[in-house]
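These protein sequence lines map, in sequence, to chains G and F. For what it's worth, the numbering used here labels the leading residue of the first sequence as 279, then goes sequentially. For what it's worth, the numbering used here labels the leading residue of the second sequence as 14, then goes sequentially.
These are calculated hints, taken from the structure and not from any lab test. There are no misleading hints in this set.
When the alpha-carbon atoms are kept at most 27 Å apart in a straight line, the in silico DSS-like pairs for lysine-lysine are as follows:
#	chain 1	residue 1	chain 2	residue 2
1	G	396	G	336
2	G	394	G	336
3	F	51	G	394
4	G	356	G	336
5	F	51	G	356
6	F	51	G	336
7	G	356	G	394
8	F	51	G	396
9	G	309	G	283
10	G	396	G	356
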Amino acid sequence: MARYKESVVTAAFAPHLQPGETLHSHAYGVKQPSMWLILPLYALAIVPGVVAVALLTKEYLVGLTDRRVLVLRVSGGKADVQEVTEYALGERLPVRTSNGSLFAWITIDDPQRPFKAKFHRAGYPNNRENALAAAAAIGGTA
Amino acid sequence: MTGPAVQRVCPVCRGLTVAAHPHCAYCGRRFQSEMMWKVPFIIALFLASFLAAVLLYGP
Numbered sequence: 279m280a281r282y283k284e285s286v287v288t289a290a291f292a293p294h295l296q297p298g299e300t301l302h303s304h305a306y307g308v309k310q311p312s313m314w315l316i317l318p319l320y321a322l323a324i325v326p327g328v329v330a331v332a333l334l335t336k337e338y339l340v341g342l343t344d345r346r347v348l349v350l351r352v353s354g355g356k357a358d359v360q361e362v363t364e365y366a367l368g369e370r371l372p373v374r375t376s377n378g379s380l381f382a383w384i385t386i387d388d389p390q391r392p393f394k395a396k397f398h399r400a401g402y403p404n405n406r407e408n409a410l411a412a413a414a415a416i417g418g419t420a
Numbered sequence: 014m015t016g017p018a019v020q021r022v023c024p025v026c027r028g029l030t031v032a033a034h035p036h037c038a039y040c041g042r043r044f045q046s047e048m049m050w051k052v053p054f055i056i057a058l059f060l061a062s063f064l065a066a067v068l069l070y071g072p
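One chain only, chain F, in its complex shape (with noise of 0.2 Å):
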């Protein structure tokens, strides 16, 4: 039923790899998930808007 996996196209070489493969095949580039800046970015976020808030409503 399986067919062939999800591939990674490598953004240096454009080189499709297994996803599920931590390095590129060709070129050798560690993949890393988005969500180790996307989570982090979005937290700040949010505690930067609620800070400015409070300062911006504060006596």
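Just chain G, same shape as in the assembly (with noise of 0.2 Å):
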């Protein structure tokens, strides 16, 4: 798409133009500031960006065993248990559950125990299937 229309490009040359000159063409350009200083200034926009979204977001390891659902919200390479949260099977919690082309995404709206993540196709093996087993054993739908 043309940045500037046609009448307004022949506008701009006209009072240029010599008596009986005629425009043949013309053509649009630009000179941007040095890659050095472009690249700089991209990574000062975006970097805040990524460590406040990094920094903002809390991780989260859900299992489900014989009597429960746990969640661990964890951080660090190791991760280091942070909160501990139980969900009882059979407990009928309005659990609200979609499952995506990429992620898996489970709603727990309990008001003492509230919890919502998503969960990527590619976190684990089986990885949807298995956070969307564990909220079906609470009151999901698988």
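Using the supplied hints, reconstruct the complex from the two chains, each of which is provided in its own coordinate frame.
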């Protein structure tokens, strides 16, 4: 898509043409700042956003046992456990699930133990399936 | 319908305390929200980034 309309370009050239001179063709170009400047500026814009998302993201491990669904909030490379939430099997909790092409979503609308997270298909083998199975055990639909 | 409340792991003694309580039930350590340092850190990061961009692209 052209940056300028034809009429705008010809109007821009018109005052600079000599008497009887005609404009045959025209082109549009740019000269950007040096890549040595563009790259650091892009990095300055992107890095704080990436850091903010990383800091504000909570990580969970969801386990289905023969008695409970355990939700561990973890952090760090060694899965340091920060919080533990448990849901007994058979509890009919208001659990909502959805399964997309990349993520499975689980939302538990329990007033005392709310939980919401998404599970990427590449997180583990059968990651989405296991997450949905845990949700189904406490009231969701697999 | 509601079962056991969310429990927090004490970073010092590893004991489990109901997350709504402000202190560890075992060692008494006061729990602080992570947001106490994360939010100011993120704001400072954005401000520093903006300042650096202005200085880098200045005349």
